[in-house]
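In case you want the letters, here they are:
Protein chains: 2
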Amino acid sequence: MWCSSCGQTSSNHSPRLNRPTGRPPVLLTQIDHVAIAVHDLEAAIDYHRRAFGAEVHHREVVERDGVDEALLRIGESYLQLTTGTRPDSAITTFLAKRGEGIHHIGYRVEDCAEALAAIVAAGGRAIDLEPRPGSRGTTVAFVHPKGSFGTLIELVQE
Amino acid sequence: MWCSSCGQTSSNHSPRLNRPTGRPPVLLTQIDHVAIAVHDLEAAIDYHRRAFGAEVHHREVVERDGVDEALLRIGESYLQLTTGTRPDSAITTFLAKRGEGIHHIGYRVEDCAEALAAIVAAGGRAIDLEPRPGSRGTTVAFVHPKGSFGTLIELVQE
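Just so you know, the protein sequences line up as chains A and B, in that order.
For the first sequence, position 118 (counting from the first letter as 1) is numbered 118 according to the numbering used here, and the numbering increases by one without interruption.
For the second sequence, position 55 (counting from the first letter as 1) is numbered 1055 according to the numbering used here, and the numbering increases by one without interruption.
No lab work stands behind these hints: they were computed from the structure.
Glycine included, C-beta positions come from ideal geometry on N, C-alpha and C.
Please note that a few of the clues may not be correct.
[What the hints assert, rightly or not] Straight-line Cα separation of at most 27 Å, DSSO-like style, residue types lysine-lysine; simulated pairs:
#	chain 1	residue 1	chain 2	residue 2
1	A	K146	A	K97
2	A	K97	B	K1097
3	B	K1146	B	K1097
4	A	K97	B	K1146
5	A	K146	B	K1097
[What the hints assert, rightly or not] Which stretches of chain A does chain B cover? Using the computed rule of at least three CB atoms under 8 Å from a CB of chain B, they are:
#	region
6	40–54
7	58–69
8	126–138
9	144–158
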């Protein structure tokens, strides 16, 4: 197998381990999703269907996080429409404080633990100290906006 | 040519014109970018390089909008890091009011005018009444957060 990153040939080759010295590994494979906090999930789904023809690909209540979410497929990514299911949910708090709008960005990664470690090494602040289960069977970890230019980041390993 | 959307065969076939009755067209092909407003563009670029190995794919000062932006490639999408270049820039105003963070989401579309019309028909509010030039040679139109669940949307036609 020929590696497009470094030009080497190997049957069991990891570009991350053979990158040129000093060049950091490319850890983000896609924008997994953008999450939008909304008061009325059904109304938001309906709007995106009527405006863009975007259909619900996955629907899930995540009890642990107190959220009801709908994933709409957009190319290689998802639009995640989400609302809180109880008063102490982070989404409920966000909606009360800032109103509806973009809540976080989810980056798809090959290895959640590796990406989390890289963020912390670069000065970022982990919310989840280690990867944990997310929706649709993923493994995830959140990174705090402070230290990441005001942006709440979710790392998503499928 | 066989169409995966409707199963018809045609040498000059548009799935949008042959969709089942009542089903809206799929207008969003990818998440084009997520824009993050930052005070220090160089520091933000450096952080994303160190944390994720994300490199600058395109850099541009857009005089019309009063912004300096860097596009970092993430799979099929971009992360747009952006800062204002003058006091009356929308990004400068955003930073003063809300601080650093996610500013808008850019949806890639095949036809910007068609997507804009669909949004308005669905109850959205256009900021740009017709498509206009964007960065890196694109054609764009912005849609107001009011009417789109608090989310500033940019439609991007490459």
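Verification of the supplied hints:
Annotation: proposed proximity of A:K146 to A:K97 holds, straight-line Cα distance about 17 Å (limit 27 Å). Proposed proximity of A:K97 and B:K1097 is supported: the alpha carbons are some 14 Å apart, at most 27 Å. Using a Cα cut-off of 27 Å, the hinted pair B:K1146 and B:K1097 holds, with the two alpha carbons roughly 17 Å apart. Straight-line distance between C-alpha atoms of A:K97 and B:K1146 comes to about 17 Å, which keeps the hinted pair within the 27 Å bound.
Using a Cα cut-off of 27 Å, the hinted pair A:K146 and B:K1097 holds, with the two alpha carbons roughly 17 Å apart. Remark: the region 40–54 of chain A is confirmed as covered by chain B, as 8 of its residues place a Cβ nearer than 8 Å to a Cβ of that chain, reaching the required three. Residues of the region 58–69 of chain A lying with their CB closer than 8 Å to a CB of chain B number 0, which falls below the three-residue condition for coverage. Counting residues of the region 126–138 of chain A whose C-beta lies closer than 8 Å to any C-beta of chain B gives 0; at least three are required, and the coverage claim is violated.
Restraint check on the region 144–158 of chain A versus chain B: 5 residues with Cβ-Cβ distances below 8 Å, three needed, restraint holds.
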